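Q: The primary structure of each chain is shown beneath.
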Amino acid sequence: MNDFSATTSLMHGIQQLLRRNFVLTLTVGYFIVMSALLPAFASSRNLANLSSNFWPLLSLVIGQLLVMIVGGIDLSQSSIMALASVCGASLMCQSADPVVFAKAPLWNIVFSEQGGFLAGSVFAVSAAVAVMLTVGILVGFFNGFAVAYLKMPPFIVTLVSMMFFSGAAIYLTASENITHLPTSFTAIAQKRVLLPIPVWIVAASAIVVHIILQHTAFGKKLYAVGLNAKAALISGINVPMVTLTAFTLSGFFAALGSVIYSARLEGGRPTLGQDLLLDVIGAAVIGGISLFGGRGRVRDACAGALFFTLLANSLNLMNLSFFIVNIVKGGVILLAAAVDAWRVGKSGGMSKR
Amino acid sequence: MKRGKYLFFAVIVGFFLISGGSCGKKEKQLTICFSFQDLETEFWVGAHKAITEELKARGVRVIERNSSQDANRQLEQVRDAIAQQVDGIIIIPQDGQSANTIIGEANRAGIPIAVFNRPPADSSRNAIVVLADNKLIAEKAVDYMVEKAAASGRRYRPCIIVGDLGDPNSIARRDGFYAALAKRPQLFKPVVEVPSKWDAGTTLANFEAAIQANPDIDFVFTSSDFLYPQLRSVLEPLGKWTSDADPRHVILGGVDGDSFACRMMRERIIDATGVQDLFFEARSLMDELLRAIDNGEKQPKKWIVDPGFTLTLDNYAERAVDMWGCVLLHRGLISR
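Protein chains in written order, with our numbering: chain A, 1 to 353; chain B, 1 to 336.
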């Protein structure tokens with residue numbers, strides 16, 4: 001009887017583990033299978049690649065998580081990345097080619113042949129990063145204001161933002177990449193302080209967001225707004241302010257991702273992140289963050305981003321063609337979303353958090 | 001619940017604390033990663049074909065990577081190839097700057113890298129670089145166009161379709177164009193510059209606008225032959241897409257040497273094209289990279305320049321067989 005009881009308890013425990021951590025379990029399983037199939041998959045170099053790809057993506061997924069919890073979606077993250085990238089790079093670049101940039105609107109105003117406005121200053125990198133983050137916050141605020149106070153649909157607002165700010169990034173630099181960035185900036189993506197610097201930046205941000213979501217009144221308000229905005233309003237929650245804050249934070253995290261990607265590519269790119277949106281939303285959906293609001297944790301964002309990173313990397317290591325890789329990625333996102341929806345439905349909606 | 005948390009932290013922490021060495025064994029067969037930006041133009045299709053066929057003919061296993069014009073994706077793909085311990089890397093980079101970053105990755109990994117047809121922004125990087133002498137090739141093609149203009153005895157309104165100014169090839173071709181015009185400045189009115197960004201849609205829109213604003217344009221140089229269909233879309237309805245025997249003929253020239261230029265020269269609509277010797281470039285790249293791998297060189301550095309040649313209406317009968325676009329057309333590898 002005792003044995004039976006112990007077995008039942010173990011089975012129940014495993015069921016709970018799978019139910020609550022389905023994607024993470026899937027990720028671990030996938031990692032084990034791929035490590036057996038692909039010799040290079042678990043090599044230290046490839047793990048370093050996975051890490052390098054995972055953290056900036058996670059930053060974007062966390063931003064998307066906050067917006068999705070309140071029942072929104074942020075399609076403008078890629079344009080925020082591009083705009084922040086060129087704004088920051090134009091301020092801190094150490095030189096620029098007049099042949100390339102002569103027709104750029106920022107030329108001779110923000111940057112010139114001698115470099116950016118901040119070039120040579122000891123505060124160049126920190127100030128430029130601050131500007132990049134501010135750009136993200138401002139665009140996020142704009143999105144949030146339109147959604148929360150003008151009552152515009154998030155899909156349309158952020159779609160228009162994506163078009164507008166992508167165009168602005170291209171316009172400001174005449175579509176050229178801004179290079180010759182300070183090494184102290186590119187070091188953000190290339191140097192380590194025990195662990196790679198992006199790990200510290202994004203992990204710290206993730207922990208802060210986790211604490212906000214799980215242990216503060218504001219976190220509870222976010223979920224309440226996402227579950228039922230009317231009920232939240234009647235309960236005395238300032239729904240527009242909560243929504244505005246979620247979109248503003250999404251802009252911040254997109255800009256944070258931009259800092260890491262720009263440092264990694266050693267340049268300000270007006271087309272930065274153009275193809276990343278599917279990866280971000282795909283990772284969020286795989287993680288189990290609800291597109292209907294009210295559900296999602298930082299842990300889900302991590303699991304989704306991790307699985308997506310593993311998937312993309314393993315497909316590359318299988319030497320599949322670009323077209324097949326895209327087809328498989330799309331199929332897996334769809335399958336994961338369907339399985340997760342079935343799992344949630346079967347468990348009677350389970351915990352919203 | 002707690003078990004879930006432990007599992008989560010174990011995965012995340014374990015994942016990133018590992019660093020350093022590498023594992024796996026090299027296969028005897030050479031493996032080369034070939035990463036290219038896209039296959040959108042005929043030149044890149046031709047280059048892809050020439051390089052992959054040459055590698056396979058030499059018994060090399062090729063890992064192909066299409067970055068779809070995304071510099072970040074190309075960097076990730078090359079890093080993944082490095083993790084597979086490839087013996088060498090060939091890239092057609094998105095731009096000169098991203099070439100620098102990727103070369104740095106390969107150098108750090110000790111894997112020889114070769115860059116095809118688009119030079120890194122920083123020429124001090126350790127890579128095998130094969131590229132055409134774009135300025136000279138463009139200048140010679142425009143020289144012929146200028147002589148043709150001089151023979152007519154009237155002044156022309158020149159127009160240049162400029163590529164992406166972030167691309168050193170594009171800048172060199174523009175320099176070649178102006179160098180040729182500077183030899184006979186009295187023949188020309190002010191130049192009309194049309195930006196293309198190496199994009200067909202952008203070229204069509206901007207060239208249409210340029211023709212509206214300057215209907216007297218009668219001398220057009222395109223920085224790449226792949227943009228000729230857009231020029232034809234604008235000039236044909238105006239009755240200006242004609243052979244050189246027609247008085248309405250616009251003097252036309254370009255750079256690359258693709259199959260469209262080959263066909264249009266056969267019809268005497270295009271006057272000259274500066275030809276890159278695609279097969280020479282692919283063969284030289286391969287020779288140099290395989291030599292470096294054989295010699296165990298981890299960071300070989302060499303620049304190989306393709307001087308190219310000019311195909312004109314005067315030498316078409318003799319030299320067309322040397323132009324890669326005509327060769328591909330003749331072999332039936334490119335659609336007619």
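Don't read these hints as lab results, they were simulated from the structure.
Being a predicted model, the structure only gives us computed values, none of them experimental.
Idealized CB from N, CA, C, for every residue including glycine.
Hints are not guaranteed to be accurate.
[Unchecked claim] Distance windows between CB atoms, simulated:
| hint | chain 1 | residue 1 | chain 2 | residue 2 | range |
| --- | --- | --- | --- | --- | --- |
| 1 | B | Arg58 | A | Met318 | 18 to 28 Å |
| 2 | A | Tyr149 | B | Val191 | 20 to 30 Å |
| 3 | A | Met152 | B | Arg61 | 20 to 30 Å |
| 4 | B | Asp322 | A | Ala203 | 39 to 49 Å |
| 5 | A | Leu159 | B | Asp175 | 54 to 64 Å |
| 6 | B | Glu40 | A | Leu194 | 27 to 37 Å |
| 7 | B | Gln29 | A | Phe323 | 44 to 54 Å |
| 8 | A | Phe123 | B | Ala179 | 41 to 51 Å |
| 9 | A | Phe292 | B | Glu297 | 34 to 44 Å |
| 10 | A | Lys191 | B | Asp175 | 32 to 42 Å |
Q: Next step is simple, just say for each hint if it's right about the structure.
A: To see whether the hints hold, each was checked on the structure:
no.: 1; hint: B:Arg58 x A:Met318: 18 to 28 Å; result: holds (24 Å)
no.: 2; hint: A:Tyr149 x B:Val191: 20 to 30 Å; result: violated (51 Å)
no.: 3; hint: A:Met152 x B:Arg61: 20 to 30 Å; result: violated (54 Å)
no.: 4; hint: B:Asp322 x A:Ala203: 39 to 49 Å; result: violated (59 Å)
no.: 5; hint: A:Leu159 x B:Asp175: 54 to 64 Å; result: violated (41 Å)
no.: 6; hint: B:Glu40 x A:Leu194: 27 to 37 Å; result: violated (43 Å)
no.: 7; hint: B:Gln29 x A:Phe323: 44 to 54 Å; result: violated (25 Å)
no.: 8; hint: A:Phe123 x B:Ala179: 41 to 51 Å; result: holds (43 Å)
no.: 9; hint: A:Phe292 x B:Glu297: 34 to 44 Å; result: violated (58 Å)
no.: 10; hint: A:Lys191 x B:Asp175: 32 to 42 Å; result: holds (38 Å)
Hint compliance for this structure: hints 2, 3, 4, 5, 6, 7 and 9 are broken, all remaining hints hold.
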